[in-house]
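Trainee: Okay, here's what each chain looks like letter by letter:
Number of protein chains: 2
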Amino acid sequence: MAKTDGDWKIEAKRLRGKVRKLKERLAGSEPDAAPAQTPAKVKAPLPVSPLAPKSFPALPRIAGVSFAAVAAGVKYQNRTDVMLVSLAPGTAIAGAFTRSSTRAACVLDCQAKLAGPIDARAGAAIVVNSGNANAFTGKAGQRSVDLVTGSVAKALGLPAARVFSSSTGVIGDPLPHDRIIAKVPDLVAALDEGGIEMAARAIMTTDTFPKGAAAEIDGDGGKIRIAGIAKGSGMIAPDMATMLVYIFTDAKIAPKLLQKALSSQVDDTFNAITVDSDTSTSDALILAATGQSAAAPITSLRAGAGAAFVQALHDVMADLAKQVVRDGEGATKFVEVRVTRAASPEDAHKVAMAIANSPLVKTAIAGEDPNWGRIVAAVGKSGAAADRDKLSIRFGDTLVASNGWRAPSYREEDGAAHMKGQELLIQVDLGLGRASRTVWTCDLTHRYIDINADYRS
Amino acid sequence: MAKTDGDWKIEAKRLRGKVRKLKERLAGSEPDAAPAQTPAKVKAPLPVSPLAPKSFPALPRIAGVSFAAVAAGVKYQNRTDVMLVSLAPGTAIAGAFTRSSTRAACVLDCQAKLAGPIDARAGAAIVVNSGNANAFTGKAGQRSVDLVTGSVAKALGLPAARVFSSSTGVIGDPLPHDRIIAKVPDLVAALDEGGIEMAARAIMTTDTFPKGAAAEIDGDGGKIRIAGIAKGSGMIAPDMATMLVYIFTDAKIAPKLLQKALSSQVDDTFNAITVDSDTSTSDALILAATGQSAAAPITSLRAGAGAAFVQALHDVMADLAKQVVRDGEGATKFVEVRVTRAASPEDAHKVAMAIANSPLVKTAIAGEDPNWGRIVAAVGKSGAAADRDKLSIRFGDTLVASNGWRAPSYREEDGAAHMKGQELLIQVDLGLGRASRTVWTCDLTHRYIDINADYRS
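Chains as they are written, first to last, in our numbering: chain B, -15 to 441; chain Y, -15 to 441.
Treat the hints with care, since some could be wrong.
Just so you know, same-sequence chains aren't split out, so a pair can sit in one copy or run between any two.
To be verified - Restricting the straight-line Cα-Cα distance to at most 25 Å, the calculated cross-link-like pairs of lysine to any residue (SDA-like) are:
hint, residue 1, residue 2
1, Lys123, Gln411
2, Lys207, Ala42
3, Lys97, Thr283
4, Lys138, Ala72
What the hints contain is simulated information worked out from the structure, not anything from laboratory work.
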């Protein structure tokens, strides 16, 4: 039955109301200003994390280190996805890797190479691809590693035992190593001492910004420089090192001492962050020291330039670790969890991680709800010694709870005001002992689910 | 400027297109058919879980047990929020409680009362409120428990040591015990042997359906009946029992044997579920046996009626535990994780829980993505012994991965088809030993975040 003109007018007005209501519903269900089509398929580039640094930092060139990146089409199209780092003869190398029992072929390969006899006179190289983790790929996975590292070794005139590799991306798919090998000549031709940012971009997966950090100290007779890059955004609960991290320095330092410096700083940096409590099969941190600084060799880490070097290394590692949290999938808040006066260091770590990994704490933070009861529950479930009547909780510096009870001075508005910030501090004092632990995490938002409900397809 | 009639027609057609597009966008961003205003504030009632049973089951009356529920306005308005259970003289009582170190005052009180000397000739009672957990409420919390249980004891003529209480809801707010005490006369007046469903509704918080289960066995000389109710939806990673569970039976059985029967079944039922890895401060399970069955007393759990009783109790507990998962906050998929051939029972549990709690596995399930690589990663991070080349993974009965590699027979379509179901099975065979473990969980969806980013306000 045909409509009269009057009918059309009524219909149009009805539809206007409907459009308004639907728009309101959409505004309520899409918490942030994502393009409309993003949530369903996450095909468009992810918006840059609101917690990202303003720009990639200016990193110093490290004598003896050069970088290249190419687009090999491992999985992603229209972007770089393989990086090569060339390291001059005499470079000392140290590493830290995931303790996952299902670690990837390239991780096992790096560990074997670092454990073997090292010819320090040879140069070295690191080749990394994104888009495919080459994890749980059976014997074919090791073969891919051999082929890729062998190809790089041949092109650079290095022993294969001095070529380290990492792969990051989807687990369980065979690595299309031919695509990488085909690009090795291009990579070698493109090596450039100034190419570190390009390299940082090539190793990104769900990262929304490249991560870099640097430090410089005065050695005995010259400057010592450190520059590092990292990737990581999800599957972040490192159990040795996080995702992929490469740090370079021109320090003169023996491999064993370099490893000692690195190992001493992993716990308070990469092992102190968590995005989603999931530990990767591929976590790898490689630290390379070219020895090309004019400064005297570092022979002790306890004092002078050695101690300064360890501190600078810590700063670079902590900076990169925090950048990984700042790029946590879907993150809108950066959260420091500081636990003090625990009965033991293990207890302090347990409590801090129980809070940092609690989905209920993380969703409350996403909702800007100062729901401190969920922090109490997280302390309770941690398995660490805790006494309700001795613990206290602070949001920022505001005392929220103590003596087993909400603090009389606490006003909900103060907690709510702290929650509105982008950088949050949760302090839990257990009042039992002298151990403390600080970890960093982010909130759990709709975007984490958007990204992870459909990452592969 | 006034529109002509023709303009209205064009306008109406344009608006129709707009409505269609907006509806499509909404369908993409709202995973299930929620009322429009729900996501932002969760003020409207939550839609019933798609995994809910069709209706509350018909539960048998248990002689010697009667129920009442009232609306006391503890926190929620316009709904019942306090339940009272009256138990006849001679009732044996057993319990299982959270091991959280920050457990609530009522949990500590129940544990103390069950550990103390029990006068079996006295009756007993259970009083439970929703809306406030009376947890982390300091000494005032214990006082509230004393006042509420004391008031019930007086009204029913019972020793206070025989009145058990639970509280569930927000942590850290003082319990408005006066509102509950004011309703005690109404509760006592309303006691009804047929009131179990009413009681199940009164203890709900973010639950979207009341949970009940029953079993009946032939004892020696008569039937023995078991009926139970539970509440639970979020903060579900029980470490002894989950949330609140009350099970009643008319069996004649001594308290110690009843406790033994209960304790033997907790691990495979309530300790085998997880919604979000967060353990509550308030988990409590109370099992009451009135002894009013015509059947002979149960004096052993090993054979005959005693063994049948344990099996029936297990069935009721497992049914209630799975209903809690089916009402997991935001759940759209019910997932059984079955781990076999682990090196030890502890390892089997670690692997099963690592998979069931992995946000990456749970979001992949929400997205119907057969992303088995994330299962590999969860196995790897669990800390349990695992050998990449010996483990195998199945979705339902479909072999996905074995021999450290994707199974040659596996087709992605088969995995994807399984993922589209509402009841999923993930099987991981570790190929190392003889221990196995089955746990139940649900997916992690946008609605979990909707519910938890703003539960309190």
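Trainee: All the hints need checking, so say for each whether the structure fits it.
Mentor: These are the hints, each one checked on the structure:
no.	hint	in the structure
1	Lys123 <-> Gln411	between (47 Å within a copy, 23 Å between copies)
2	Lys207 <-> Ala42	within (17 Å within a copy, 80 Å between copies)
3	Lys97 <-> Thr283	within (24 Å within a copy, 65 Å between copies)
4	Lys138 <-> Ala72	within (15 Å within a copy, 85 Å between copies)
In summary, this structure violates none of the numbered hints.
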